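Engineer: Order-wise, the sequence lines are chains A and B.
Okay, so the first sequence: first residue is 57 according to my numbering, each after it adds one.
Okay, so the second sequence: first residue is 57 according to my numbering, each after it adds one.
Mixed in with the good hints, there may be bad ones.
Copies of the same chain are indistinguishable here, so a pair counts whether it falls within one copy or spans any two.
Straight line, CA to CA, 25 Å or less: simulated BS3-like cross-link-like pairs of lysine-lysine [what the hints assert, rightly or not]: (1) K289 - K176; (2) K119 - K145; (3) K291 - K281; (4) K280 - K295; (5) K280 - K291; (6) K271 - K180; (7) K271 - K176; (8) K82 - K145; (9) K295 - K281.
Treat the hints as calculated values from the structure; they're not laboratory data.
Please read these numbers as outputs of a predicted model, since none were measured by experiment.
Protein chains: 2
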Amino acid sequence: MNRICELFNIEHPIVQGGMVWCSGWKLASAVSNSGGLGLIGAGSMHPETLVEHIRKCKQATSKPFGVNVPLMYPEIEKLMHIIVDEGVKIVFTSAGSPDKYTRFLKDNGIIVAHVVANTKFAIKCENAGVDAIVAEGFEAGGHNGREETTTMVLIPHVRQVVVLPLIAAGGIGSGRAMLAAFALGADGVQIGSAFAATEESSAHIDFKNMIVNAKEGDTLLMLKKLAPARLLKNKFFDKVQEMENGGANFNELRQLLGKGRTKLGMFEGDLNEGELEIGQVSATINAIKPVTLVMSEIVSEFHEIKRKFNDAESTF
Amino acid sequence: MNRICELFNIEHPIVQGGMVWCSGWKLASAVSNSGGLGLIGAGSMHPETLVEHIRKCKQATSKPFGVNVPLMYPEIEKLMHIIVDEGVKIVFTSAGSPDKYTRFLKDNGIIVAHVVANTKFAIKCENAGVDAIVAEGFEAGGHNGREETTTMVLIPHVRQVVVLPLIAAGGIGSGRAMLAAFALGADGVQIGSAFAATEESSAHIDFKNMIVNAKEGDTLLMLKKLAPARLLKNKFFDKVQEMENGGANFNELRQLLGKGRTKLGMFEGDLNEGELEIGQVSATINAIKPVTLVMSEIVSEFHEIKRKFNDAESTF
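Looking at chain A on its own, in the form it has when it is part of the complex:
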């Protein structure tokens, strides 16, 4: 039995990444209903919005689902108590230390996974008592580690230092990449971009179409002087790049960024002025599909390639 399937009581070891402005109850429940683990992305929700999404998700699926909580969320205490009060059973924490809330969540009977970008934090996770680790590589969309370590290098390294169930994230949008993640030592995968572009994603349709049209090199890791984030090229990106190339400092970049840029772009569809977060794998996403199709394509390619591996002659 696969450890991730066992831990979360799901059919396929595929977690849908909690993403700002993309992953509400519709996406999370669709992924859970397809046999994966759907996550509501609390990062872009007011506390009362999160309550609504948790309740709707429960109505939309009888399968396990979870909530992703970025630990730098301003009203984090409020969020944590909502999660407990609403009876959420699975929480993925990110963008902070696993020491902060793991004990609190575990004491409330919640399964905890924490997202890391290096081995130092992976070891911290194990010491903090989390149940699973998500190790996310440089190719992932949105916020990203300062080490810039890619999934190919990160996963075998993390596998060397921890024994916990390990979920690979970053650059995974196909059955081939999922199988590669298993070869690297992961027990499951977390997929973001491919789900951001689905019918059930709450992203603006114009942003979804832009993901579908994205080409190689259309995302780069930017804003390294603030907090590194992988952005899709648009007018706002060009401004950031121009200022960074000119040597802009923290405050100048902070001022350019302003407030609400991801909402503006990803949710409201202002493709010029908005901040568009998506992974490198967007270059290989070519259509807006329903979640069931994305899931079945990934799972069937995974098994097809795996079968070829069982024939020693065809590989090596």
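Chain A is fixed; fit chain B onto it per the hints.
Structural biologist: Below, chain B alone, put in the same frame as chain A:
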């Protein structure tokens, strides 16, 4: 039969990347004698030095070996004629268009592979008539693609658009990563950093020790306003970073770089002022080993993990 083994007539589908200041006849012949494909890195050699290395390599191994030629080499015509005159049978070209020399080399009975960092050039390779493609991800050491596409994303994408034998490069230093590359669609792997730190590498011993001590995040892609290169952090790196953060332009960076910085660091062992090129995977290299040991560790881990894959229950 594996297509890369068949094409080059080698036992293991492992190519040793041609690297400046690391891969002379000693390293190339050791890799070839261990069943892989050794490459002499012509990029850091004067024409007469290349002649010497080709002749010594022939004496040191009866197995196939090749020469890697960066196409921006100043005396490229001279180099190409040496390769033909000395009877080299395999050439890997990089850092330029495959249209330039593929026909010339093929007309002289030479097997040609070309290194790319995106699908556009992979398709160009196929049209130019090369025999195999090396697709190299962002995590690789030294010069690197502007798209910053990682191996995890690049390989399945290239596999979609070309049918030629495909060699994955970037972030591969273990049997796990090699198996992952096969899952992604590669027929073989090219390994640089792990061989740069071997006993047979011509790199300075102090540089080898620095590779062994490198930690996560100790390499970053720098000099993007010139030609992007992955460098190991040292005093020179810090100067580059400081100037880049301050908005230095092409000419200012060109002047800082000057001439002969890679030789100074990698060959002469000036770890402060030299330019040290190495891949992200250096974080997982912990000892200077002989080539035979590096090869056997990678090959045996590859087969061990592959055997586990054949047991469906243990994965998914």
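Engineer: For the identical chains here, do K295 and K281 meet the 25 Å Cα criterion within one copy, between copies, both, or neither?
Structural biologist: This pair counts as both: shortest intra-copy Cα distance 15 Å, inter-copy 17 Å.
Engineer: I want to check one pair: K289 and K176. Are their C-alpha atoms no more than 25 Å apart within a copy, between two copies, both, or neither?
Structural biologist: The answer is between: 19 Å across copies meets 25 Å, while 32 Å in one copy does not.
Engineer: Within a copy, between copies, both or neither: which one fits K271 and K176 at a CA-CA cutoff of 25 Å?
Structural biologist: between (33 Å within a copy, 11 Å between copies)
Engineer: Have a look at K82 and K145 and pick one of within, between, both or neither, based on CA distance no larger than 25 Å.
Structural biologist: The answer is within: 18 Å in one copy meets 25 Å, while 58 Å across copies does not.
Engineer: At most 25 Å between CA atoms: does that hold for K271 and K180 within a copy, between copies, both, or neither?
Structural biologist: Close across copies (17 Å), not inside one copy (37 Å); limit 25 Å.
Engineer: Please work out whether the CA atoms of K119 and K145 approach to 25 Å or closer within one copy, between two copies, in both situations, or in neither?
Structural biologist: within (11 Å within a copy, 59 Å between copies)
Engineer: Taking 25 Å as the upper bound on the Cα-Cα distance, should K291 and K281 be classified as within, between, both, or neither?
Structural biologist: both (20 Å within a copy, 20 Å between copies)
Engineer: Within a copy, between copies, both or neither: which one fits K280 and K291 at a CA-CA cutoff of 25 Å?
Structural biologist: So K280 and K291 pass the 25 Å test inside a copy (18 Å) and across (20 Å) alike.
Engineer: Within a copy, between copies, both or neither: which one fits K280 and K295 at a CA-CA cutoff of 25 Å?
Structural biologist: For K280 and K295, the Cα distance is within 25 Å both inside one copy (14 Å) and across copies (17 Å).
Checked against the numbered hints above, the structure violates none of them.
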